[in-house]
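Visitor: Each chain is listed here by its residues.
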Amino acid sequence: MRKYLLIVPAVVVLLVFLVIPYIDIIFISLHPAADDRPYGSGFTLRNYVQVLTDGYLVHQTAMTLWIGLVTTCATLVLGFPVAWFMAHSSARARAIQQGIVLMPLLVGIVVRSYGWTVILGNNGILNRLARDIGLTRSVLPLMYNSLGIVIALTHVFLPFMILPIFGTIRSLDPALFLAGRSLGASPAITMRRVILPLTMPGIQSGCVLVFILSVSAYVTPMLIGGMRVKTMPMTVVNTLIDAFQWPFGAAQALVLSAIGALIVLVFFRLTPLRWSR
Amino acid sequence: MTTVAIENLTRHFGRTRALDDISLSIDDGHFVSFLGPSGCGKSTTLRVLAGFDACDRGRILFDGQDVAALPPEQRDIGMVFQSYALFPHMTVGQNVAFGLEMRRLPRDAIRQRVRAVLDLVHLADHSDRHPRQLSGGQQQRVALARALVIEPRILLLDEPLANLDAILREEMRVFIRELQQRIGITTIYVTHDQAEAMAMSDMIVVMFGGRVAQVAPPRDLYECPGSLQVASFVGQANYLAGHVAHDNGQLAVVTPLGTRPLDGRSAITAPAPARNILIRPESICITPPAASDAVPATVISVQYGGNLTNYVLALADGQQLHVQTATPPSHAGGDRVGVRLADAPLWVIPDCRP
Ligand SMILES: Nc1ncnc2c1ncn2[C@@H]1O[C@H](COP(=O)(O)OP(=O)(O)O)[C@@H](O)[C@H]1O
Ligand SMILES: [Mg+2]
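Residue numbers (our numbering), protein chains in the order written: chain V, 1 to 277; chain D, 278 to 631.
If you are wondering where the hints come from, they were derived from the structure by calculation, not from laboratory data.
It cannot be assumed that every hint is accurate.
What the hints assert, rightly or not - Rough simulated footprint, nothing fancy, chain V against chain D, three-plus residues with beta-carbon under 8 Å:
| # | stretch |
| --- | --- |
| 1 | 340 to 350 |
| 2 | 363 to 372 |
| 3 | 493 to 503 |
Think of the CB as a built atom: it goes at the ideal place given N, C-alpha and C, for glycine as much as any other residue.
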């Protein structure tokens, strides 16, 4: 019994700052709007109907999820080799590499996102470079679109993909790779048949982290999208704060969360940890 | 089948010279052990042979063919790792089948060969288990089966028994050696355990600090070590200062404990002064103190080992001797006894003065 005392603080924090607000949001979303108060009285599902039938919102939700998906894939493709490389470096080199991977996290997200506007902007570094070497005359559309958002989010969330995968690879016996090779498998086949399945727990954690973080990202899409591309979190904030429509905003947020959770569930189903049966 | 030749293999890691000019040839079907203390380069040699690691200099020939350019997956080797490295997400059967799938054998053939090799290692009814559901000894046999099922040219084993308990280790020694002889596969075995190497090998390669110290069959290694270092690493050893002299027209070794003929395998052909004479603990007999031609000694300690008893004795000049008898302890610390040498020829450690 005593051991449960250990989790009491965490449970209290979660309850007060996560579960209760969530219940509150659900509660608000089920009420009609009111002019003079955050929400009116009486039960209604209208807010949900409105979210799910508004073509613009549906499109935005789809685009937000798409950005999350592409960002997740990009960080996975970029992050896995880095994690593999780090896991097979000497202890000294590894410490330095870990520092480099974590360093971006030390710089605030606003600064980092702003940094990307300097690089991706119409008069940014990349565009100037492209013009100077004569690659293009017109402006490359790198910012104010979903491509720019994906590029920036990929950078911002890469550590969250690298670290869990790195941890799993480190926990694997290095001889496994050699065993595959000694049995006649090329490096690529050993990777696919042996290493990848065994790294799945790390890949799953990384993917879920990055997906959820990028779907709910606010600052980066706002700065890079420059209000010309809007993701759902931006719309939710608009609805809540600028339009002061708490019930409608709450419904938007919950629909996004629910679909995100569904995608995560399906993802877990499609990538089963077969050997842990 | 397959012969292996290693020529002038050299490998540096930064400043460390892990392998220093290793040369060796291994006959077809032989069981060769690399024996040496931790860090002497045994695993590095094996890794270079397997193709996991490159060498700075030197050649490796399988059946006379230089394999330097071949990646591990094309060298046709079977490898057993210290950690076994079984694929944890696959069943025993899938683990064993992996190498055959890579060779694109038809499904039926794979099933047959997996079954046959699992029979060979007495694990036929464990085919559907996962490695973590097996004991250490069983995992070890799966690793062996997985390496053997592909019928490799050479079997490489890196301290495969290091993670097993003592009893199982001795069983597996016999098992592996028997299997190897039945199949007749050229085998290279790495260990730091001299008893293991002696029990299993046709030939032992003793390594120190990246160099080959001696290559010899187990018995020659034990009885005729080429240096003090080898003598001490392979079993327990006493060294007596002595010399080689003529005795009745033959060469004899004169020691403080008596004079015995010189071992016929020695390269010494003339009387020689001041040499180190190797005396193994079991070649010293304990006698009553007053026995004829016995030298007086004092018992320092006695260690009972069941089938054997180990004594530490001190001679009058203070030199300590390790003595081993096949009889139960008949003396205690402080007893005065006599010692004499068994009636066997003596080995003089070459080029090594006391
Ligand atoms: N990948 C490596 N990087 C640096 N040094 C190594 C590496 N592998 C082995 N060494 C060094 O080479 C020497 C021989 O190592 P090894 O072959 O593993 O010894 P053994 O198997 O006999 O215990 C040791 O000094 C070890 O520290
Ligand atoms: Mg080793």
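Visitor: Hints first: check each against the structure and report whether it holds.
Guide: Comparing the hints with the structure gives:
Only residues whose beta carbon comes within less than 8 Å of a beta carbon in chain V count, and the stretch 340 to 350 of chain D has 3; three or more means the coverage holds. Coverage of a stretch by a chain is defined here by at least three residues with a beta carbon nearer than 8 Å to that chain's beta carbons; for the stretch 363 to 372 of chain D and chain V the count is 5, and the condition holds. Beta-carbon proximity to chain V at under 8 Å applies to 0 residues in the stretch 493 to 503 of chain D; the threshold of 3 is not reached and the given coverage is violated.
In terms of the numbered hints stated before, the structure departs from hint 3 and from no other.
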